[in-house]
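Novice: No gaps in the numbering here: position 265 of the sequence shown is 265 in UniProt numbering, and each next residue is one more.
Among these hints, one or two may not hold up.
[As the list claims (entries may be wrong)] As a list, the in silico SDA-like pairs of lysine to any residue whose alpha-carbon atoms are at most 25 Å apart:
1) K224 / E211
2) K224 / A261
3) K207 / G132
4) K224 / M158
5) K224 / N208
6) K133 / T183
7) K154 / R270
8) K224 / A165
9) K181 / R270
10) K181 / K207
If you're looking for bench data, these hints aren't it; they were derived computationally from the structure.
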Amino acid sequence: MATIIAQHTVTSKDGTVIAYTQVGRGPALILVDGALCYRQFGPSQDMAAQLASHFTVITYDRRGRGESGDTQPYAVEREVEDLAALVDVAGGTAYVFGQSSGAGLAIAAANQLPGITKLALYEAPFVVDDTGKPITPAFLASLKEAVAQNQRSKAVKMFMKLVGAPSFMLTIMPLFPMWSKLTSVAHTLPYDISTIIAYGAGVPLPKNLGENITAPILVMDGGKSPTWMRNSMQALSQTLPHASYQTLAGQNHMVKAEAIAPALAAFFARQ
């Protein structure tokens, strides 16, 4: 188990306090969580433990989650500024790994922040053809409405249905203790959808998606992930500049830390 170096906060450009943890030693690597995840709930702590022997790993609570603030109104640009603040505390340059909707945020940040010197992405939930269910403005509006009415369980169920959770799961999951952790951050689900909706319409990705990114990029998916996701990641790797593509055999969207950590370590160590 890796030893925690420090737990800190940093103030983002708009005054929002962002809570983060550093662990390990080596070049800075920032992990960007996907929907409903934060430092104390989700994959980032296991991932950090796997990578801490190679990197100074920074995990953080995205705004609205855990111990971070949630200044309104929300905009994806504010989350890019949060990442900029973390790159600054890392010394001005950092590697970034984004998972799921966190990959969508990481792409947006890399387009604007030259301090991101390498970028790894796992299964950004883009929809590029008719094999997947489109993410529509109407869905985002309905999700925002559920949040505005404090219908947190409804919002989580809407999101889980969108990403393909079977109906029986939507029935039984509220009976488990973890449900309260999911509903506690349900108000951030529109934030996640906002990071990916431009690339969720079921049409090819725009050719200029990564036009300002100069960093090497690794795009990954799981060998057991659905066709629409794998199609999207193949398309993403062909659209982003300086990108390579790798499939992790036997993995799905809930990738195991021990399965992805070696691929990340190898990519970030590559000269």
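Novice: Each of the hints needs a verdict: does it hold here or not?
Specialist: Cross-check of the supplied hints:
1. K224 / E211: 30 Å, violated
2. K224 / A261: Given that 25 Å is the threshold and the Cα spacing comes to 18 Å, the pair holds.
3. K207 / G132: Holds, at about 20 Å.
4. K224 / M158: At roughly 24 Å apart (the allowed maximum being 25 Å), M158 and K224 satisfy the hint.
5. K224 / N208: 29 Å, violated
6. K133 / T183: 23 Å, holds
7. K154 / R270: 44 Å, violated
8. K224 / A165: With Cα atoms ~15 Å apart, K224 and A165 stay inside 25 Å; holds.
9. K181 / R270: At roughly 37 Å apart (the allowed maximum being 25 Å), R270 and K181 break the hint.
10. K181 / K207: Judged against 25 Å, a Cα distance of about 38 Å means the pair is violated.
The structure does not agree with the numbered hints 1, 5, 7, 9, 10 stated previously, though it agrees with the rest.
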